[in-house]
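Put chain B on the given structure of chain A with help from the hints.
For the record, the sequence lines run as chains A and B.
Using my numbering, read the first sequence as starting at 1 and increasing by one per residue.
Using my numbering, read the second sequence as starting at 1 and increasing by one per residue.
I should point out that these hints are in silico values taken from the structure, not numbers from a laboratory.
Among the hints, a few may not be true.
Stated by the list, open to error - Sample of chain A residues at the chain B side, in silico, Cβ under 8 Å: (1) Pro23; (2) Lys27; (3) Val52; (4) Thr59; (5) Leu60; (6) Leu61; (7) Ala65; (8) Cys71; (9) Val74; (10) Val80; (11) Thr84; (12) Ala85.
Just so you know, even glycine gets a beta-carbon here, dropped at the ideal spot from N, CA and C.
Number of protein chains: 2
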Amino acid sequence: MQGQHLHYLASGTIRSQCEDNLPTRLKMLFDGTAEVVRTYTPDCAAVEKVFVNANPQSTLLLGQARGAAICAVVSDGLPVAEYTALQLKQAVVGYGRANKNQVQEMVKRLLNLTSIPSSDAADALAMAICHAHGLRTLNALDKLAPQAKHGLHLRRGRLIL
Amino acid sequence: MQGQHLHYLASGTIRSQCEDNLPTRLKMLFDGTAEVVRTYTPDCAAVEKVFVNANPQSTLLLGQARGAAICAVVSDGLPVAEYTALQLKQAVVGYGRANKNQVQEMVKRLLNLTSIPSSDAADALAMAICHAHGLRTLNALDKLAPQAKHGLHLRRGRLIL
Numbered sequence: 001m002q003g004q005h006l007h008y009l010a011s012g013t014i015r016s017q018c019e020d021n022l023p024t025r026l027k028m029l030f031d032g033t034a035e036v037v038r039t040y041t042p043d044c045a046a047v048e049k050v051f052v053n054a055n056p057q058s059t060l061l062l063g064q065a066r067g068a069a070i071c072a073v074v075s076d077g078l079p080v081a082e083y084t085a086l087q088l089k090q091a092v093v094g095y096g097r098a099n100k101n102q103v104q105e106m107v108k109r110l111l112n113l114t115s116i117p118s119s120d121a122a123d124a125l126a127m128a129i130c131h132a133h134g135l136r137t138l139n140a141l142d143k144l145a146p147q148a149k150h151g152l153h154l155r156r157g158r159l160i161l
Numbered sequence: 001m002q003g004q005h006l007h008y009l010a011s012g013t014i015r016s017q018c019e020d021n022l023p024t025r026l027k028m029l030f031d032g033t034a035e036v037v038r039t040y041t042p043d044c045a046a047v048e049k050v051f052v053n054a055n056p057q058s059t060l061l062l063g064q065a066r067g068a069a070i071c072a073v074v075s076d077g078l079p080v081a082e083y084t085a086l087q088l089k090q091a092v093v094g095y096g097r098a099n100k101n102q103v104q105e106m107v108k109r110l111l112n113l114t115s116i117p118s119s120d121a122a123d124a125l126a127m128a129i130c131h132a133h134g135l136r137t138l139n140a141l142d143k144l145a146p147q148a149k150h151g152l153h154l155r156r157g158r159l160i161l
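If we strip away everything but chain A, and leave its shape as in the complex, we get:
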């Protein structure tokens, strides 16, 4: 984000090989995320706040993968924000129950992309947009009325006292 404008820099997905054992797969996720941090030197990170899956084994796997990605970011000292899928869709599409196609379409428009991003990449970009919107509100408030910002902070994608 530069001033009031969102700029697209890069997006992608990190995939591990299903045939590898779990520690190796977690290492791929961790190293891949750490490489993104080293390459683009962001100021902050945002991850989706997940809810438990119907399948407990998938929940455990998801937790481990999420732990690996968060560790790669926090070990570099970056703050991490968390938003639910509902908050993400509200921020990007304006409607919490928007479908994947709507998220992809809005991400393409908001970032002036030449083509529709893949579903996973669109989710990640939407997460970044959602966080940037919250930060922009906080910064705008700071310029308009610095004293009004006192005690305010972002929590769950909302400005709260």
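The following block gives chain B in isolation, referenced to the frame of chain A:
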């Protein structure tokens, strides 16, 4: 482990503060584990293979914590072995349904400790003993009949072809 003998070096637990947010807690786990690796420069690591909890939220939390600990180890290039609680108890007590007190007592005896270790530390030490036993078997086989070791490896605490 030195030759045929097990030597106690250190043990402990890493605790995060419940009032901290999740990324901060994962960072504490990650940094704490990485510090242990830097301090004692082990050749390998072993973690408990967990089964899903009745409470899905706990399963997700456990997964994230496990992901953080494994990442701290694999990011340093260490191989990670995984054993179930059943395998751990079989290796240390000789009985898969042994209780916590029995594990603590056997860990104290096997490592010639002067006092009973805490329950969590005893579990971690038992995990190390379980892994060392498997490695010792593999090394002994290598000395007796190197050709017999061909194609053998450790999996789930057992030597397999």
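query = Which earlier hints can't be squared with this structure?
reply = 11 and 12
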